[in-house]
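Novice: Sequence:
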Amino acid sequence: MIIFRKLFLFLSWIISLLPFWILNLKSYFFYLILHYIIRYRKKEVTENLKCCFSNKTNEERKRISKKFYRNLTDLFFEILKLKTISAQELDKRFEIKNPEILDKLYSQNKSILVAIGHCGNWEWLGPLLASKYKFKVFGPAKPLNDPFFNGFMNSIRSRFGFEPIHFKLSYRTLLRHKNIATASLMAGDQNPVKSEQNYWTTFLNRETPFFDGIEKMAKALDLAVVYFDVQRKKRGYYQAHLHLITDTPNQCSENQIIDEYIRLLENSIVQHPDNWLWSHRRWKYKKEANN
14 MIIFRKLFLF
24 LSWIISLLPF
34 WILNLKSYFF
44 YLILHYIIRY
54 RKKEVTENLK
64 CCFSNKTNEE
74 RKRISKKFYR
84 NLTDLFFEIL
94 KLKTISAQEL
104 DKRFEIKNPE
114 ILDKLYSQNK
124 SILVAIGHCG
134 NWEWLGPLLA
144 SKYKFKVFGP
154 AKPLNDPFFN
164 GFMNSIRSRF
174 GFEPIHFKLS
184 YRTLLRHKNI
194 ATASLMAGDQ
204 NPVKSEQNYW
214 TTFLNRETPF
224 FDGIEKMAKA
234 LDLAVVYFDV
244 QRKKRGYYQA
254 HLHLITDTPN
264 QCSENQIIDE
274 YIRLLENSIV
284 QHPDNWLWSH
294 RRWKYKKEAN
304 N
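First residue of the sequence shown? That's 14 in my numbering, and the numbers climb one at a time after it.
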């Protein structure tokens, strides 16, 4: 096991040193394996697309599925590339279209929640913000089940001052940094466990549970909420359009913040459906009668 881990770390470092054009060739090879041989979560992807885009033809959904798998394998190699990519190269490949929103909030010493979905390359966003802006940037997330791979991913994510933290420590960490401007990335589009399914709504034409942690955290700590619409421009290049949901969260009505986040996320997915992570089991649970 120790030999395997050392070999994995060595190979991942070698891969991260390769130029993007070679990574793209490797990605296409892995796409063929993932899509046509392993058929990774093909059933889930097909079913999700069918239920969410019943207005599209089978051929249209197949095209989306193929593009999704191409994007997924690109994402894998782009995450590895993050291990050695320079701040200048990252900035060239990930454009913030309207940074004045962030500049204004920072000038007010206002901490923000960066509300995102699993669209485009979300893994590049935290290190990009940490390298480009003066906010102290955190990434609350649930740890991976395997401690080795969890540590490996955190080592990659921790570039340029970006700080991954356990999601259960989010409130305590942000409270400890309340006197400085922080930016915390939160993705609310994964399937919450049953104990966290405290808000149901229609999302992509399906009854869908959400954990309203974005709204709760924003109101508890008076955080501005900015939605990042991350889209792929071409292979290895991304851009993000920012939408200020609120900078006065405690003046928002109940569920106003989470509803606006869901609306913006849904629009991002509808506009560029192959850009979202269709392989996750988003609709694993069904709404019970008492909900």
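These aren't lab readings, by the way, just hints derived from the structure by calculation. Watch out, some of these pointers could steer you wrong.
Simulated crosslink set (SDA-like; lysine to any residue; CA at most 25 Å straight-line) [claimed, not checked]:
hint, residue 1, residue 2
1, Lys149, Gly201
2, Lys297, Lys232
3, Lys232, Asn268
4, Lys56, Lys299
5, Lys39, Lys79
6, Lys147, Asp116
7, Lys80, Lys297
8, Lys96, Ser78
9, Lys300, Lys191
10, Lys56, Thr70
11, Lys19, Met166
12, Lys110, Asp272
13, Lys191, Asp235
14, Lys56, Ile46
15, Lys123, Arg83
16, Lys232, Arg276
17, Lys297, Lys105
18, Lys297, Arg52
19, Lys181, Leu157
20, Lys63, Phe216
21, Lys55, Pro205
22, Lys299, Gln203
23, Lys56, Arg83
24, Lys191, Phe161
25, Lys110, Phe224
26, Lys96, Tyr49
27, Lys75, Tyr250
28, Lys39, Tyr49
29, Lys105, Pro32
30, Lys191, Ile92
31, Lys39, Ser78
32, Lys191, Asn218
33, Lys246, Phe42
34, Lys145, Ser29
35, Lys39, Asp116
36, Lys145, Phe89
37, Lys75, Lys96
38, Lys297, Ile51
39, Lys299, Asn268
Novice: Hey, Lys297 versus Lys232, does the alpha-carbon distance stay inside 25 Å?
Specialist: Roughly 29 Å separates the two Cα atoms, so the pair is violated.
Novice: Sort out whether Asp116 lies within 25 Å of Lys147, counting only the CA atoms.
Specialist: Given pair Lys147, Asp116 holds - Cα atoms ~9 Å apart, limit 25 Å.
Novice: Could you grab the alpha-carbon distance between Lys145 and Ser29 and see if it respects the 25 Å cut-off?
Specialist: Satisfied, since the Cα-Cα distance of roughly 21 Å is no more than 25 Å.
Novice: Hinted pair, alpha-carbon criterion (25 Å max): Lys299, Asn268. Please report holds or violated.
Specialist: holds (21 Å)
Novice: Within a Cα-Cα threshold of 25 Å, do Lys56 and Thr70 meet the stated pairing?
Specialist: Judged against 25 Å, a Cα distance of about 17 Å means the pair holds.
Novice: Does Gln203 lie within 25 Å of Lys299 when you go C-alpha to C-alpha?
Specialist: holds (14 Å)
Novice: Does Arg52 lie within 25 Å of Lys297 when you go C-alpha to C-alpha?
Specialist: Answer holds: Lys297 to Arg52 is near 20 Å, not above 25 Å.
Novice: Is the Cα-Cα distance between Lys56 and Ile46 25 Å or less?
Specialist: holds (16 Å)
Novice: Check the hint pairing Lys55 with Pro205 against an upper bound of 25 Å on the C-alpha distance.
Specialist: Judged against 25 Å, a Cα distance of about 22 Å means the pair holds.
Novice: Assess, step by step, whether the Cα of Lys39 is no farther than 25 Å from the Cα of Tyr49, and give holds or violated.
Specialist: With a Cα-Cα distance of about 16 Å, the restraint between Lys39 and Tyr49 holds, given a limit of 25 Å.
Novice: With a cut-off of 25 Å on the C-alpha distance, tell me whether Lys123 and Arg83 pass.
Specialist: Not OK: Lys123 and Arg83 at ~38 Å, beyond 25 Å, violated.
Novice: When you check the alpha-carbon spacing of Lys75 and Lys96, does it fall within 25 Å?
Specialist: Since the Cα atoms of Lys75 and Lys96 sit roughly 33 Å apart, the hinted pair is violated (cutoff 25 Å).
Violated hints for the displayed structure, listed by number in ascending order: 2, 8, 9, 15, 17, 24, 25, 26, 30, 32, 35 and 37.
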